[in-house]
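Protein chains: 2
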Amino acid sequence: MNARRVGIVGAGQLGRMLALAGYPLGIESRFVGDGPTSPAGRVAPIRAAALDDRAALTALASEVDVLTFEIENVSIPVLSEVAKRVAVFPPPAIVAIAQDRLAEKQLFESLSIPTAPYVVVDSRADLERVGNALGWPLVLKARRLGYDGRGQRVAKSIEALLAGWDELGRVPAIVEGWVDFERELSLIAVRGAGGTQAYYPLTENVHRNGILVSSIAPYVDAGPQRTAERWLGELMARFDYRGVLTVEFFLTSAGLVANEIAPRVHNSGHWTIEGAETSQFENHLRAVLGWPLGAVGVRGHAAMLNLLGHVPDSATILSIPGAHLHDYGKEPRPGRKVGHCTLLDPARDRLLARLELLRTAIERAN
Amino acid sequence: MNARRVGIVGAGQLGRMLALAGYPLGIESRFVGDGPTSPAGRVAPIRAAALDDRAALTALASEVDVLTFEIENVSIPVLSEVAKRVAVFPPPAIVAIAQDRLAEKQLFESLSIPTAPYVVVDSRADLERVGNALGWPLVLKARRLGYDGRGQRVAKSIEALLAGWDELGRVPAIVEGWVDFERELSLIAVRGAGGTQAYYPLTENVHRNGILVSSIAPYVDAGPQRTAERWLGELMARFDYRGVLTVEFFLTSAGLVANEIAPRVHNSGHWTIEGAETSQFENHLRAVLGWPLGAVGVRGHAAMLNLLGHVPDSATILSIPGAHLHDYGKEPRPGRKVGHCTLLDPARDRLLARLELLRTAIERAN
Chain A
1 MNARRVGIVG
11 AGQLGRMLAL
21 AGYPLGIESR
31 FVGDGPTSPA
41 GRVAPIRAAA
51 LDDRAALTAL
61 ASEVDVLTFE
71 IENVSIPVLS
81 EVAKRVAVFP
91 PPAIVAIAQD
101 RLAEKQLFES
111 LSIPTAPYVV
121 VDSRADLERV
131 GNALGWPLVL
141 KARRLGYDGR
151 GQRVAKSIEA
161 LLAGWDELGR
171 VPAIVEGWVD
181 FERELSLIAV
191 RGAGGTQAYY
201 PLTENVHRNG
211 ILVSSIAPYV
221 DAGPQRTAER
231 WLGELMARFD
241 YRGVLTVEFF
251 LTSAGLVANE
261 IAPRVHNSGH
271 WTIEGAETSQ
281 FENHLRAVLG
291 WPLGAVGVRG
301 HAAMLNLLGH
311 VPDSATILSI
321 PGAHLHDYGK
331 EPRPGRKVGH
341 CTLLDPARDR
351 LLARLELLRT
361 AIERAN
Chain B
367 MNARRVGIVG
377 AGQLGRMLAL
387 AGYPLGIESR
397 FVGDGPTSPA
407 GRVAPIRAAA
417 LDDRAALTAL
427 ASEVDVLTFE
437 IENVSIPVLS
447 EVAKRVAVFP
457 PPAIVAIAQD
467 RLAEKQLFES
477 LSIPTAPYVV
487 VDSRADLERV
497 GNALGWPLVL
507 KARRLGYDGR
517 GQRVAKSIEA
527 LLAGWDELGR
537 VPAIVEGWVD
547 FERELSLIAV
557 RGAGGTQAYY
567 PLTENVHRNG
577 ILVSSIAPYV
587 DAGPQRTAER
597 WLGELMARFD
607 YRGVLTVEFF
617 LTSAGLVANE
627 IAPRVHNSGH
637 WTIEGAETSQ
647 FENHLRAVLG
657 WPLGAVGVRG
667 HAAMLNLLGH
677 VPDSATILSI
687 PGAHLHDYGK
697 EPRPGRKVGH
707 CTLLDPARDR
717 LLARLELLRT
727 AIERAN
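These protein sequences, in sequence, are chains A and B. Its first residue numbered 1, the first sequence is counted upward by one per residue in the working numbering. Its first residue numbered 367, the second sequence is counted upward by one per residue in the working numbering.
No lab work stands behind these hints, which were simulated from the structure alone. Be careful, since some hints might not be right.
Covered stretches of chain B, going by a simulated chain A footprint (3 or more residues, C-beta under 8 Å) [to be verified]:
1) 485-493
2) 676-684
Label-pair ranges, simulated between beta-carbon atoms [said to hold, decoys possible]:
3) Ala-315/A x Asn-498/B: 51 to 61 Å
4) Gly-335/A x Thr-593/B: 50 to 60 Å
5) Arg-549/B x Arg-350/A: 31 to 41 Å
6) Leu-468/B x Gly-309/A: 49 to 59 Å
7) Gly-223/A x Gly-663/B: 25 to 35 Å
8) Asp-52/A x Arg-510/B: 55 to 65 Å
9) Asp-431/B x Trp-136/A: 39 to 49 Å
According to the in silico footprint, chain A covers these stretches of chain B (three or more CB under 8 Å from chain A) [claimed, not checked]:
10) 559-571
11) 687-693
Glycine residues also receive a C-beta, built at the ideal position from the N, C-alpha and C atoms.
If we strip away everything but chain A, and leave its shape as in the complex, we get (with noise of 0.2 Å):
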């Protein structure tokens, strides 16, 4: 037995998945979020907490390995505080740049990574002045909290950009000119201690209201995938990180514009479960434990389609072969992601028609 046990601030399905990779190794996950009913507490001990008490923290602080976090929503006083008593992973540093759109686009420019044009604005005044600067239409985007489309608008005018503004709280924010990108892609890295790295391939990616509907992987050009890994090497290095980094990225006429970092695993990396040959939760697991990390060798290509709302009859999916589900242990909200199918094929094309299929069958089930 090589009981390690790893605290996990946040309790959603990120952390149940977490956990579930973990046991395999003999690593044990204790969590802080929502309850014994959260995706993550149904399988594994929790203290129900809000992310930023102190008190619950440090009391997980004082039974784990290591703490990590399964969302970037957290307090940087309260985890900067706790890194001194036990290894916090990924370093709280950039975290907090993951929590504010201006630094995170300064860090993009640090490195030359590219990325949208972009404007401060803390005013009415500031949001009058962007439409000559950047051109229509534009995205806002508050600088703090967001996620899945939360706390951003795309207007086309003038007036529906002081409307958003009004919407969000007029809180400070950044406006965005608008990427004209052909597709969505993610790249999934993982560093471990020593600064070994892994990269998984990228990811394509098709949102809709902000949120992920489904991923294709491997991406068919390979062309991009050696530049963004050269980009997220150079970023992870800065910080010395541990864990999985994702970055998503708009694929354009001129190549690859970054738009979003997320310092853990991601959404767009749940193929990997069945996908790839160590999936992105047990190398997050290896990572902040200073284990060896996984080989991410893929297994053909790979679809993920969310469940959103409610999980389908449970013979809906699972009679399509191969169709792996992922019922996150929800209760059903329109929109919500409750769960997850995964279909593997060696073949991309029949990939594609399976994910048809797939999907025909989870929209007639509705």
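Mind docking chain B on chain A? Use the hints.
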């Protein structure tokens, strides 16, 4: 959320892997067994109780959708009583047979499945006659409660046979003629609602002192597969079986000879976690819940190596590319099954070479 609850009797590593296979499907397992530090108790709710504790099993039955077991040494009277309250799969009738070497022999005979010649022994006088009937060496097997080589003695003389019977406590037994086998194979089948069936490929097993050491799948010669599938199909149909069924065979120059049945998931099927599209654990759960069975296609060649005594330092195993570790969360004890490793490779010869590397690394770490 498709929340289903499965009750599982027995809380060892098989139960643990069932629970871990269930979570992604939204299946929550609950156990009766050794308690919270047992392999299954570390990953799911458990009632600490003996496996024949009527009150504990009745309570478990009242809160689950279906009841199953990870071990055949359960109490048939208790299981049959519980079966009046909740569906119990596999059927208790076949479990009763798997508990009794004589009944097992008679089952094989009734289905015309070849098995080693045998004699029933209840007395010293019986023992003194068997050498003449079956030749030497002989295998003495207690009729009840044998697994992992326990309750068995190989005897090369009448003196050894009598001494062996004394050691076993002079219990009712059978004596088998020696089977001159080339290899040991096992077939793992699964049968679902409505008689749907799926068969994993024959697995080649290596035992030492009656304990499984390693398995390699698929077995190179597809010839015996059809025969074995036909036998298991007939056997399962007779009991209207639901769940995973394993039969261990000897491969002799005259073909397959059935050795033992296990009405449950089996150590020789652990490679299916990574090596097959759907693992034996997931398929057992699907079958007992009446869900569609999962595809059993294999991913190249797979090898499984049991970890006996203690789990080596995680880096020892995890630094071998593509080695998958399963640590059961058990305290070390000489000879105890505490975990296993799985390797996959598209090429069988390369797989065997890597298996030797892994074996050497583990031995060197001990």
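Would you pick out the hints that fail for this structure and give their numbers low to high? 1, 9 and 10
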